[in-house]
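Chemist: Letter by letter, the chains look like this.
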Amino acid sequence: MNKQCEILIIDDEQVVVDSVIKIGEISGYKVDYTMDAKTALEKISGQNYQLIICDIMLPEMDGFQFISEMQSRRNNTPIVITTGYSTMENAVKSLQLGAIDFIPKPFTFDEMTSIMKRGVKYKKLVDADTEKTGSLFYVQCPPRYFCLGYSCWLNTDYDGTVLIGATDLFLKTIENMKTIELMERDEAINQALTAAKIICEDESVHQLYSAISGRIIDRNEKLLNDISLLEKDPYFNGWLYRIIPGEYDYEIKLLASCSSNGCR
Amino acid sequence: MKGFNEIGFYRRIGLKLTIAVSITAIIIIGVYSYFNIKSQRDVMLAEVERHANQLSETVKNSTRYGMLLNQRDHIHEIINTIGKDPAIYDVRVLNKEGEIIYSTKEDEIGNMLDKKAESCYACHAENKPLEKLPIKDRTRIYRLNPDSTRLMGIINPIYNEKSCWEAECHAHPQYAAVLGVLDVSISLADVDKQITNNQIQELLFAIISITAFGIIIGYFVKRWVDKPVRELVKATNEVALGNLNYLIKEPGTDELGYLGESFNNMIKKLEDTQHQLVQSDKMASLGRLAAGVAHEINNPLTGVLTYSSYLLKRAKENPQLQEDLNVIVRETMRSREIVKGLLDFARQSTPKKTMIDVNEIINRAIAVVNNQLKFGKINLVKKFDTNLPKITADANQIQQVFLNLILNAIDASGTNGGVITIGTSLITLSPKGIKHIKKCVCPKNHSLINNEYKIGGNSSIRLKIKSNGNQGFVHLDPIYGNHRHFFGIAFEKNPNVMLNCPVCDLSLIDKNAKCPECGGPVYKIQIPNQGFVEGCASFKDNWQKWEFVDGGGEKKYVEIQIADNGCGIPPENLNKIFEPFFSTKGQRGTGLGLSVVWGIIDNHNGTINVQSEIGNGTTFSIKLPLA
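Protein sequences, first through last, are from chains A and B.
With the working numbering applied, the first sequence corresponds to residues 1 to 264, in that order.
With the working numbering applied, the second sequence corresponds to residues 1 to 627, in that order.
Hints are not guaranteed to be accurate.
[Said to hold, decoys possible] One side only, chain B facing chain A, incomplete, derived with CB under 10 Å:
id: 1; residue: Ala291
id: 2; residue: Gly292
id: 3; residue: Asn298
id: 4; residue: Pro300
id: 5; residue: Leu301
id: 6; residue: Thr302
id: 7; residue: Leu305
id: 8; residue: Tyr307
id: 9; residue: Ser308
id: 10; residue: Tyr310
id: 11; residue: Met333
id: 12; residue: Arg336
id: 13; residue: Val339
id: 14; residue: Lys353
id: 15; residue: Thr392
[Said to hold, decoys possible] Derived CB-CB ranges, DEER-like:
id: 16; chain 1: A; residue 1: Asn76; chain 2: B; residue 2: Met355; range: 41 to 49 Å
id: 17; chain 1: B; residue 1: Glu613; chain 2: A; residue 2: Asp12; range: 49 to 57 Å
id: 18; chain 1: A; residue 1: Asn176; chain 2: B; residue 2: Leu626; range: 34 to 42 Å
id: 19; chain 1: A; residue 1: Glu221; chain 2: B; residue 2: Gly519; range: 46 to 54 Å
id: 20; chain 1: A; residue 1: Lys197; chain 2: B; residue 2: Gly531; range: 35 to 43 Å
id: 21; chain 1: B; residue 1: Arg330; chain 2: A; residue 2: Asn76; range: 36 to 44 Å
None of these hints come from the bench; they were simulated from the model.
Each residue gets a CB set at the ideal place from its N, CA and C atoms; glycine is no exception.
Could you put the whole structure together from the sequences, leaning on the hints where they help?
Modeler: As structure tokens, then:
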């Protein structure tokens with residue numbers, strides 16, 4: 001496997017660091033680690049990591065401050081936030097600040113592997129895009145759509161219901177999709193919590209978040225039969241659920257609008 | 001603050017009141033006594049005066065004949081005889097020139113009196129002597145010297161008359177108007193003694209009454225003012241020290257009693273508020289604890305989960321190992337969900353529903369408490385319906401419910417063992433008696449749900465009721481089809497009842513509808529997004545209609561009953577057991593268990609009911625909808 005890929009894990013808990021290193025090793029990634037964000041910033045300036053996995057509660061500088069610091073340094077290395085205090089608020093805040101993913105502790109081997117895969121792929125896509133266009137990278141979603149992080153979108157319908165789905169960028173980070181697991185009608189979904197699971201040919205499972213909380217009133221049954229629809233037309237025919245939002249006014253503020261400067 | 005007993009004796013309100021009332025009494029009794037004594041004295045003196053006048057007149061009349069005949073010895077004799085009376089000080093007759101002609105004191109006879117002498121002064125005060133003297137001016141009170149007793153002198157002028165100038169002796173000329181004066185002096189010693197006696201008596205009476213007054217007032221002030229005030233002060237001090245259980249016993253019926261009662265009410269409210277504060281404090285602490293626990297436990301769990309899930313992947317060729325590892329992974333995932341649940345508890349998250357087999361979940365819960373069952377010598381009887389369909393529910397949350405209820409049953413069974421029966425069954429029920437009205441509003445969108453008064457552990461529906469001039473509140477049973485209503489006023493079932501929104505007073509009676517059973521008025525309450533609930537407003541019968549729910553027809557439920565034969569729950573606690581932080585386990589419980597149970601079942605649109613009999617045991621019945 002590709003041994004050039006390098007991942008940095010920032011966590012003050014040795015067992016977590018060990019676990020991530022172990023998962024990285026087996027998945028073919030070389031993993032570096034630090035126990036605090038300050039040291040991480042030093043390390044980053046010397047090396048070109050493909051992905052950074054960062055805890056929230058860290059000594060001196062926490063995970064959120066770390067994301068902001070990275071942005072102010074114009075470093076585009078994707079960051080995944082992980083935490084033992086895995087509330088919805090923390091997940092939303094991480095994605096809103098610019099983390100590409102949020103993985104609550106404890107995670108399974110597979111959960112972490114899929115996160116790593118997507119993260120590394122994301123970095124490649126971003127790098128390729130930046131090389132090609134020379135401009136700032138962002139998600140190309142239709143106007144009036146909103147995004148949470150880079151992975152999921154929502155579009156408010158005229159009747160107040162909301163369609164949600166996955167962005168093309170998210171789908172590009174996943175290779176060889178095989179099936180999708182959707183939730184049932186009438187189930188409740190929460191913002192920044194798992195809304196669907198995409199299973200790939202290599203049995204890896206990728207979780208997609210919901211951009212907003214609410215109750216599912218309809219789901220796109222076609223996707224269950226033909227997952228390629230998702231890739232072909234992610235923003236229209238590839239929608240996932242139609243939901244009645246629970247706290248639309250509050251949650252919409254946490255999302256990025258596609259019409260302004262795109263979802264990043 | 002000063003202690004009650006540190007307040008100076010002279011500053012106490014009781015003493016002040018007693019003194020004020022006593023002073024008033026002193027003034028009133030003093031003035032009364034003064035005038036009483038004065039009038040008694042006046043009456044006595046008037047009596048003496050009258051007596052003296054009579055005496056003087058008698059002397060004059062009895063000596064008249066002697067005077068006409070000029071029988072001086074005879075007159076002397078009469079005057080002397082009269083003068084012997086001890087009450088009479090002296091009797092004198094003076095002629096016009098002021099010469100004493102007759103006197104009981106013989107040495108005075110022949111003396112000339114100066115016109116300024118007190119016996120002459122009445123007539124001779126002015127230069128021209130009076131010829132007529134009014135009766136009231138004839139008397140005078142005087143002392144011979146400052147130490148002697150008082151005397152009353154009465155002057156009786158002897159007027160000239162025809163018989164005088166025609167008398168044989170012919171002593172007086174016809175032109176003289178006044179021939180002389182009869183002067184009688186009476187000793188007032190007896191009268192004065194009498195007056196002094198009266199004064200002493202009056203004074204004694206005044207002192208006794210004032211003292212009695214003071215004592216009686218003091219007693220009642222102490223009883224009616226001092227004691228309740230002392231009790232109030234004691235109670236406020238107790239409350240200041242943090243004892244919110246201190247209530248004023250028998251506050252009484254007067255204003256201070258009312259004050260005491262409102263003090264008691266205030267303390268009850270204060271206790272409630274403090275209780276709530278403590279609760280939210282508990283909640284906040286719990287949140288912090290949950291966050292801390294989540295963070296601390298999730299890190300080691302990460303190690304367990306990643307390594308075990310990795311090993312599980314590697315053990316594909318070894319089914320036995322794979323099975324064992326599967327247990328580790330599954331249980332670690334469950335721990336993850338438990339910790340998540342701990343975090344979610346403070347945040348009231350929605351359940352993660354999957355299709356679950358209730359029997360299997362109960363078995364899992366039993367497996368967790370197996371040791372405790374053995375330890376408690378408890379015989380667990382399963383009465384499972386093996387054909388039970390799966391339901392949509394959060395497996396972990398439902399397991400937590402069973403775990404909680406089984407643990408409670410074990411606790412209730414005590415140390416001598418017991419029997420816990422867990423039964424499951426599929427039941428079909430009409431929505432009546434099951435469906436819980438959680439939200440309802442008046443036409444102006446005011447919520448009618450009242451969280452303070454609970455019926456069967458659920459928040460009631462509060463309406464304003466007016467009937468027969470009475471006005472109050474009625475609390476409707478929030479379970480559709482149940483009629484455990486509570487009337488806050490004396491209510492007689494009648495068709496003229498008014499039911500209004502407690503906030504805006506808008507009528508909730510549907511004028512176009514009549515109860516199909518009794519023909520009486522019908523109330524109509526809006527259930528947001530779910531139509532209207534209607535019911536008989538005169539409460540003569542139990543008619544209720546909710547088209548939205550009735551239309552759905554009968555529904556299937558999985559019923560789970562967990563029964564123990566333990567100590568039971570006292571009736572007064574039955575309504576409180578699902579409230580957060582209600583605990584009878586003291587330090588051993590957080591009081592959260594059953595409230596969490598209630599919350600979970602509620603989140604699953606299910607119901608939980610409890611029936612209990614002291615000494616005979618408790619049965620919890622849970623109904624979870626199939627879909």
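Chemist: Please list, smallest to largest, the hint numbers that this structure does not respect.
Modeler: Those not satisfied: there are none.
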